[in-house]
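S.K.: Protein sequences, first through last, are from chains A and B. With the numbering used here, letter number 151 in the first sequence gets 151, and the count goes up by one each step, no holes. With the numbering used here, letter number 26 in the second sequence gets 26, and the count goes up by one each step, no holes.
Calculated from the structure, these hints are not laboratory results. Hints should not be assumed to be uniformly reliable.
Identical copies go unnamed one by one, so any copy, or any two together, can satisfy a pair.
Calculated lysine to aspartate or glutamate pairs in the EDC-like style (CA-CA distance at most 16 Å, straight line) [unchecked claim]:
no.	residue 1	residue 2
1	Lys185	Asp149
2	Lys125	Asp171
3	Lys144	Asp35
4	Lys185	Asp146
5	Lys157	Asp124
6	Lys125	Asp135
7	Lys185	Asp48
8	Lys185	Asp114
9	Lys182	Asp124
10	Lys182	Asp45
11	Lys42	Asp146
12	Lys157	Asp135
13	Lys150	Asp35
14	Lys182	Asp87
15	Lys93	Asp114
16	Lys150	Asp135
17	Lys182	Asp114
18	Lys81	Asp45
19	Lys182	Asp48
2 protein chains.
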Amino acid sequence: MTSRISFVILALVVVGYLSVNSQTTGTFNGFQYVDKTGNIRKPADFRDHYELLGTWWVADPTGNQMHMTYASPGAAEYYRKNGKFADGTVMVKEIMKTDHAQMTTGDAHWASGDIQWFVMVKDDKNRFPNNPLWDKGWGWALFKADAPDKQVATAFKTDCMSCHIPAQSTDWVYVQGYPVLKSAK
Amino acid sequence: MTSRISFVILALVVVGYLSVNSQTTGTFNGFQYVDKTGNIRKPADFRDHYELLGTWWVADPTGNQMHMTYASPGAAEYYRKNGKFADGTVMVKEIMKTDHAQMTTGDAHWASGDIQWFVMVKDDKNRFPNNPLWDKGWGWALFKADAPDKQVATAFKTDCMSCHIPAQSTDWVYVQGYPVLKSAK
Numbered sequence: 001m002t003s004r005i006s007f008v009i010l011a012l013v014v015v016g017y018l019s020v021n022s023q024t025t026g027t028f029n030g031f032q033y034v035d036k037t038g039n040i041r042k043p044a045d046f047r048d049h050y051e052l053l054g055t056w057w058v059a060d061p062t063g064n065q066m067h068m069t070y071a072s073p074g075a076a077e078y079y080r081k082n083g084k085f086a087d088g089t090v091m092v093k094e095i096m097k098t099d100h101a102q103m104t105t106g107d108a109h110w111a112s113g114d115i116q117w118f119v120m121v122k123d124d125k126n127r128f129p130n131n132p133l134w135d136k137g138w139g140w141a142l143f144k145a146d147a148p149d150k151q152v153a154t155a156f157k158t159d160c161m162s163c164h165i166p167a168q169s170t171d172w173v174y175v176q177g178y179p180v181l182k183s184a185k
Numbered sequence: 001m002t003s004r005i006s007f008v009i010l011a012l013v014v015v016g017y018l019s020v021n022s023q024t025t026g027t028f029n030g031f032q033y034v035d036k037t038g039n040i041r042k043p044a045d046f047r048d049h050y051e052l053l054g055t056w057w058v059a060d061p062t063g064n065q066m067h068m069t070y071a072s073p074g075a076a077e078y079y080r081k082n083g084k085f086a087d088g089t090v091m092v093k094e095i096m097k098t099d100h101a102q103m104t105t106g107d108a109h110w111a112s113g114d115i116q117w118f119v120m121v122k123d124d125k126n127r128f129p130n131n132p133l134w135d136k137g138w139g140w141a142l143f144k145a146d147a148p149d150k151q152v153a154t155a156f157k158t159d160c161m162s163c164h165i166p167a168q169s170t171d172w173v174y175v176q177g178y179p180v181l182k183s184a185k
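Chain A on its own, in the form it takes in the complex (with noise of 0.2 Å):
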């Protein structure tokens, strides 16, 4: 009776270690996808598993575009919590094209087709001083749908600083177009 107990109580201690060791890793552990040099991979899956922080529709004659810009689980909460992002936590922007109809709802437009997928891993302790991949507190990566797992931006200051600059204010994000950030609703 008493090794059954102590099996429980073991059992326990485990389930609980586990646990808050999976939930601490999984949440902002972006240095997964990234090797020892600072290259950085776009993560698998995230469309399953990352939260969305909000949309942006952006309206071009030459073709209107939807971006989603996911983050790594978690990373809205512990935001509205610290008043910034955690270090490890990563966001993907994806870009769409879009098609549109008129629905019940009125005139619909919802995204359909690959472009691109900017990525971002927040850095706090300036991990790679000589990648220029990696400045103001960030990792900074692309992909493109014609080849969607290979990472093609060369550097910050000439591939995203540019577009990035008007947000630099609130960490280099354009946060008031991600709802959760405020409200988990």
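Assemble chain B onto chain A, guided by the hints.
M.R.: Structure of chain B alone, referenced to chain A:
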């Protein structure tokens, strides 16, 4: 030594059991939001914990809207494998107002300001034959921003059917707007 191994084996069995059980109940447990007569509550914190199925941009001269459809975790993966939504799947369609500005990405529009939420719960078992909000294999619900936790729809036939009938052949869901139902990417 033998007893240590036993401890570890038992612990792993318990971990495995809890893990599988948690995944199953955590994924398709939509009936936790349904009382015994079929009243549906809106899931709390769905922005943090649900997955995005897709976003609709609805252009309207009287006020553009962004519609984000979320589903309970695992919903898309199950759909990709089985070609249908699992019993107990929950969907939340969040209807928001929008803001817009000329940004570095172009003429950008983003969600800002709640309007209302539609909630659906998949029901394979015709659980509430006498409740007019359960019909066509789903429970249907509506919550408005002025009282976000108060369900205000009265009947599927009067409040829901007319907008959803074009999607009847795809189980009443506009699946064409939901890329993750085809690929987790």
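S.K.: Evaluate each hint against the coordinates.
M.R.: Each hint, compared with the structure:
Within a single copy, Lys185 and Asp149 get their C-alpha atoms only as close as 34 Å, which misses the 16 Å cut-off; across copies the closest is 10 Å, which meets it. In the homo-oligomer, the alpha carbons of Lys125 and Asp171 lie at most 16 Å apart inside one protomer (15 Å), although the nearest pairing across protomers, at 49 Å, exceeds that limit. For the homomeric pair Lys144 and Asp35, neither the shortest alpha-carbon distance inside one copy (20 Å) nor that between copies (47 Å) is at most 16 Å. Only between protomers do Lys185 and Asp146 lie at most 16 Å apart by alpha-carbon distance; the minimum there is 13 Å, versus 37 Å within a single protomer.
Taking the shortest Cα distances, Lys157 and Asp124 never come within 16 Å of each other, neither inside one copy (19 Å) nor across copies (54 Å). In this assembly of identical chains, the alpha carbons of Lys125 and Asp135 lie at most 16 Å apart only when taken from the same copy (11 Å versus 54 Å across copies). Taking CA atoms no more than 16 Å apart as the test, Lys185 paired with Asp48 passes between copies only; the shortest distance there is 9 Å, against 20 Å inside one copy. With identical chains, the CA atoms of Lys185 and Asp114 are at most 16 Å apart between copies only, with a shortest distance of 10 Å across copies and 29 Å within one.
Taking the shortest alpha-carbon separations for Lys182 and Asp124, neither the intra-copy value of 22 Å nor the inter-copy value of 36 Å comes in at or below 16 Å. Only between protomers do Lys182 and Asp45 lie at most 16 Å apart by alpha-carbon distance; the minimum there is 12 Å, versus 26 Å within a single protomer. When the C-alpha separation of Lys42 and Asp146 is checked against a cutoff of 16 Å, the pair qualifies only within one copy, where the shortest distance is 14 Å, while the shortest distance between copies is 40 Å. Taking identical chains as interchangeable, the C-alpha atoms of Lys157 and Asp135 lie at most 16 Å apart only when both belong to the same chain, with a minimum of 8 Å there against 56 Å between chains.
Proximity of Lys150 and Asp35 under a CA criterion of 16 Å is satisfied intra-copy only: 14 Å inside one chain copy versus 49 Å between copies. Neither within a single protomer nor between protomers do Lys182 and Asp87 lie at most 16 Å apart by alpha-carbon distance, with minima of 19 Å and 32 Å respectively. In this homomeric assembly, Lys93 and Asp114 come within 16 Å of each other (Cα to Cα) only inside a single copy, at 11 Å, whereas the closest approach across copies is 23 Å. Taking CA atoms no more than 16 Å apart as the test, Lys150 paired with Asp135 passes in neither setting, with 20 Å inside one copy and 47 Å between copies.
In the homo-oligomer, the alpha carbons of Lys182 and Asp114 lie at most 16 Å apart only across protomers (12 Å), although the nearest pairing inside one protomer, at 29 Å, exceeds that limit. Taking CA atoms no more than 16 Å apart as the test, Lys81 paired with Asp45 passes between copies only; the shortest distance there is 14 Å, against 27 Å inside one copy. Only between protomers do Lys182 and Asp48 lie at most 16 Å apart by alpha-carbon distance; the minimum there is 11 Å, versus 23 Å within a single protomer.
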